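*Asks:* Go ahead and model the full structure; you've got the sequences and the hints to work with.
Number of protein chains: 2
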Amino acid sequence: MARKYVIGLDYGTESGRALLVAVDNGEEVATAVQSYPDGVIDVKLPGSGKRLEPDWALQNPRDYLYVVDQTIPKVLKESGVRGEDVVGIGTDFTSCTMLPIDRNGTPLCMKPEFADNPHAWVKLWKHHAAQPEADLINEVARKRGEDFLARYGGKISSEWFFPKALQILNEAPEIYDAADRLLEAGDWIVLQLCGVEKRNACAAGYKAIWDEGYPSKEFFKALHPRFENVVAEKLSEEIYPNGVKAGGLLPEIANRVGIRPGTAVAVGGVDAHVAVPAATVTTGGKMVMIMGTSICHMVCGKTKKVVDGQCGVVKEGILPGYYGFEAGQTAVGDIFAWFVENCVPAWVADDAKKEGTDVHGYLSKHAADLEVGESGVLCLDWWNGNRSILVNADLTGLMVGMTLTTTPAEMYRAIVESTAFGTNKIIKQFQESGVPIEELYACGGLPGKNPLLMQIFADVTNRKIKVSASDQTVALGAAMWGAVAAGAAAGGYDDITHAAAKMARVRDESFVPNAKNNAMYQKLFAEYERLHDLFGRGVDPVMRNLKQIKLSVRGERIA
Amino acid sequence: MARKYVIGLDYGTESGRALLVAVDNGEEVATAVQSYPDGVIDVKLPGSGKRLEPDWALQNPRDYLYVVDQTIPKVLKESGVRGEDVVGIGTDFTSCTMLPIDRNGTPLCMKPEFADNPHAWVKLWKHHAAQPEADLINEVARKRGEDFLARYGGKISSEWFFPKALQILNEAPEIYDAADRLLEAGDWIVLQLCGVEKRNACAAGYKAIWDEGYPSKEFFKALHPRFENVVAEKLSEEIYPNGVKAGGLLPEIANRVGIRPGTAVAVGGVDAHVAVPAATVTTGGKMVMIMGTSICHMVCGKTKKVVDGQCGVVKEGILPGYYGFEAGQTAVGDIFAWFVENCVPAWVADDAKKEGTDVHGYLSKHAADLEVGESGVLCLDWWNGNRSILVNADLTGLMVGMTLTTTPAEMYRAIVESTAFGTNKIIKQFQESGVPIEELYACGGLPGKNPLLMQIFADVTNRKIKVSASDQTVALGAAMWGAVAAGAAAGGYDDITHAAAKMARVRDESFVPNAKNNAMYQKLFAEYERLHDLFGRGVDPVMRNLKQIKLSVRGERIA
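Note that the protein sequences, when read in sequence, are chains W and B.
The numbering of the first sequence is this note's numbering, which starts it at 1 and goes up by one.
The numbering of the second sequence is this note's numbering, which starts it at 1 and goes up by one.
Keep in mind the hints are simulated off the structure, nothing from the lab.
Since this is a predicted model, take the numbers as computed values, not measurements.
Among these hints, one or two may not hold up.
Since the list gives no way to pick out one identical chain from another, each pair is judged satisfied if it fits inside one copy or across any two copies.
Lysine-lysine pairs mimicking DSS-like chemistry, simulated, CA-CA at most 30 Å apart [stated by the list, open to error]: (1) K550 / K449; (2) K464 / K550; (3) K428 / K547; (4) K464 / K428; (5) K550 / K44; (6) K365 / K550; (7) K547 / K516; (8) K365 / K547; (9) K516 / K550; (10) K428 / K550; (11) K547 / K155; (12) K523 / K550; (13) K234 / K143.
*Replies:* Dropping the structure here:
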């Protein structure tokens, strides 16, 4: 019998990717990336050229289909794999990225009568213009004592589903009326592939306040009289966990891309969450960190717990049979990039050249040469606010301990350490809330290129860190869910644990905590924690005050 | 009658300067600088090559005489002024810079039998190896309840006279025994010029705990049995204020340099303090800031007051008829230099070039373009500790409010503002302690090259700042005291007020506070003040803890 393959379709912010994976052992035989032709739409609408207001971020759903048509034929051609040997497709998507569609599943923005209305387009996860709606949702939920707030760390984000839906109703009731459905883009692409709408539990749970049911009609009514029946009118109460087969690939698409009609298509997934089994994690107690510009932390547990400042807890939101917990740091690689762009003097590049390396190599080497605690410099890693565990976007960065002899490498190391302290604080919070975390797993862009960072994370958290072997852990995860959905056709992985055992791997080398470094980091972490509470819990209001002053001055300047 | 001139001899850390000044109107007709051939001796002794321990900083007194011989003939030659028309010489010196001498005034280091003993040399002001002695002095003074501590902000510095003297006794009793006198270098150069030892009140008061008398014999005895009679054996109880004539120039020097024997030589002065009348200030309520790598703040008042964290209060230490108060910030220009060296990325230099300027010009321009409060960034200016008002060398720098869009110009402005907040805190402390400050006067290297800094100081302090017209305010001050000492020969300035009225000037342009900026700075200063107390008064111990960790790690690394 011929070797069988699955395809993971991974929809990111700027582009989509197809990863062709052998079902028997997870070998990644080919990959292809396609940028979205319209990218992130944040200035003006394609076609009409209509200007967008600040904080808007849209996408063109046509681009998602274009990715299918471009990348699947490419991976087949590149690998020489026959289309008939592809037995399943899994997808993952950014979230909450959502759109209004008509009865046929056609996005309203594709209909001429709505094409010049921004609300007819896909609202990308980082569309931030629904903040007033998010504020209202939080206020009403607090007043009504809605217990879902605690599941989401006390706050619903403007990036999530209902703020975006309510913004449509508030600002474009004609779009709201015309929409047969409001849908996650990750569920829409599945609908396009197989003609079946099956909403995924992960996006519903983490982004649409779903917990084996949505908030009450009374709650929605308190937001807006016409929002009372949003669930019945625009959503669906049927929610499916990862690994369920949504349907078979529609013939017209199958024929276009060269694989068999009826090929199993899995229920959609969310990007970070599908990475968990692809990093080999299929049980509780193991935290997976997707480490890039930010860090997304995911861990599973057998019992539902409320953890201060978590992004959400969702039953089977990550793995079947487990509650999935998510937390996050809003900026990690982004802070390092800011530092390198704005704070590294020219002589570092010169010295780096003499040492036969580049700026990053120089900083890593000289930061690694420092003993823990030697620099006397400490930071709070809040350059982009704090998601977990403080859920406060108004917090800002802090650096303390500089003297006239402080070097760029010392400041760089202090910034790296602060992001590890931030993760450690999250781990501590989970532990103390009854969600044990014994081991760490890492994937994403950072682990491969920054071993110093990984060692510091191991030393600070005092936990071994295993690193996913795949450079495309997210796409591999999508493919693995596709294999599970394919069932017998894929050799009969009856659950993700079996799929992970064969298809997922970690690298041979892991990062093992150094006891001496950890002992010193415990002292430094005590300092971090005290400052964390001092500035993060409002004991000293300097960050909030500076931000208010800044906003008032900028407001005046514009006016 | 021919126009008359005075010479100001200004002894700095690296070099000495002669400034030839017309007595009638203060015109600076010529200046000459001579580097000290042995500079700052901090690695090994000249001649013997004996290695010095860390924290030592010595000088060679021969270099001070070399400055006389080199610079005076130069200014005469350059200006064409006849030596017979020079009627007075005033000097100023770094302090406390001190040395042991024999009965003839010869420094012990010039005697072959002592030349290889480091304690026989001049201890420069920044010799920091007497810290154990300073610690003992402070401890004993606290235990005995010595009221002089309050006059010096609660702490005697290791840089001052008695820690250095006690270090000689502790480590080199043979030098202590051989010394006929222990003397400020500023008094020694006067002794060399005119053969008379007349100790100046300024150095005695600010650096040798003199307040119309030294501490008691019992106090000194408590430090070391043999230190009981240090005053009687090694010092002098006769102390002279600025403007008194010490004596006439000795013939052998007069002949060497080409001016008349017997030319009036004024009692010595301390560098910062002689600048006060040269900045036109001869009354109370006007604070003079010597602004350079650090800031020295001086103000006079009619009543003796104890001000928290002042460097000292000395009767007639600055101006006759007034108590002179001194305070200081340990690093100002030094922090800007650190920032430019360590934190300004290469693209700033590129953009600066495109804008036709340099890095400093770029930062100033783009920082000036910011509205007050717009950046959201705030600093504590403690990169080199805090002298006034906290008297704590263990404090360190802090920066808060950074986001992913924070720019180098924003950070630069925040650092500049923090130094202005530091000065404002000092002014506030003086005001609240009953020493009024109505106006500010600036001199030193910074005012001329950094108008943005000056405007920020005016806006933050809400006070007009006048800037000394002279680029050599300190040397001009020394010359003015020389004119007063010369009396009738110099046209009869009977006091410094008259001399200042004719010889000192401020620039036409001054820096006037902008009311709107000050209103916003009051808000930011409230934030600064709260952080100042939070970290500076030990409410949160992070700075001390980080420093202790740093020292322990570095200690371990060396061991």
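*Asks:* Look at each hint and say if it fits the structure.
*Replies:* Do the hints match the structure? See the list:
1. K550 / K449: between (36 Å within a copy, 29 Å between copies)
2. K464 / K550: Between copies only: 26 Å across, 42 Å inside.
3. K428 / K547: both (29 Å within a copy, 26 Å between copies)
4. K464 / K428: This pair counts as within: shortest intra-copy Cα distance 15 Å, inter-copy 53 Å.
5. K550 / K44: Only inside one copy: K550 and K44 sit 28 Å apart there, 53 Å across copies, limit 30 Å.
6. K365 / K550: between (37 Å within a copy, 20 Å between copies)
7. K547 / K516: Between copies only: 19 Å across, 39 Å inside.
8. K365 / K547: Close across copies (23 Å), not inside one copy (35 Å); limit 30 Å.
9. K516 / K550: between (43 Å within a copy, 15 Å between copies)
10. K428 / K550: Between. Shortest inter-copy distance 26 Å satisfies the 30 Å Cα cut-off; intra-copy 33 Å does not.
11. K547 / K155: within (20 Å within a copy, 38 Å between copies)
12. K523 / K550: between (34 Å within a copy, 11 Å between copies)
13. K234 / K143: within (25 Å within a copy, 80 Å between copies)
Figure legend: structure checked against the earlier numbered hints; every hint is met.
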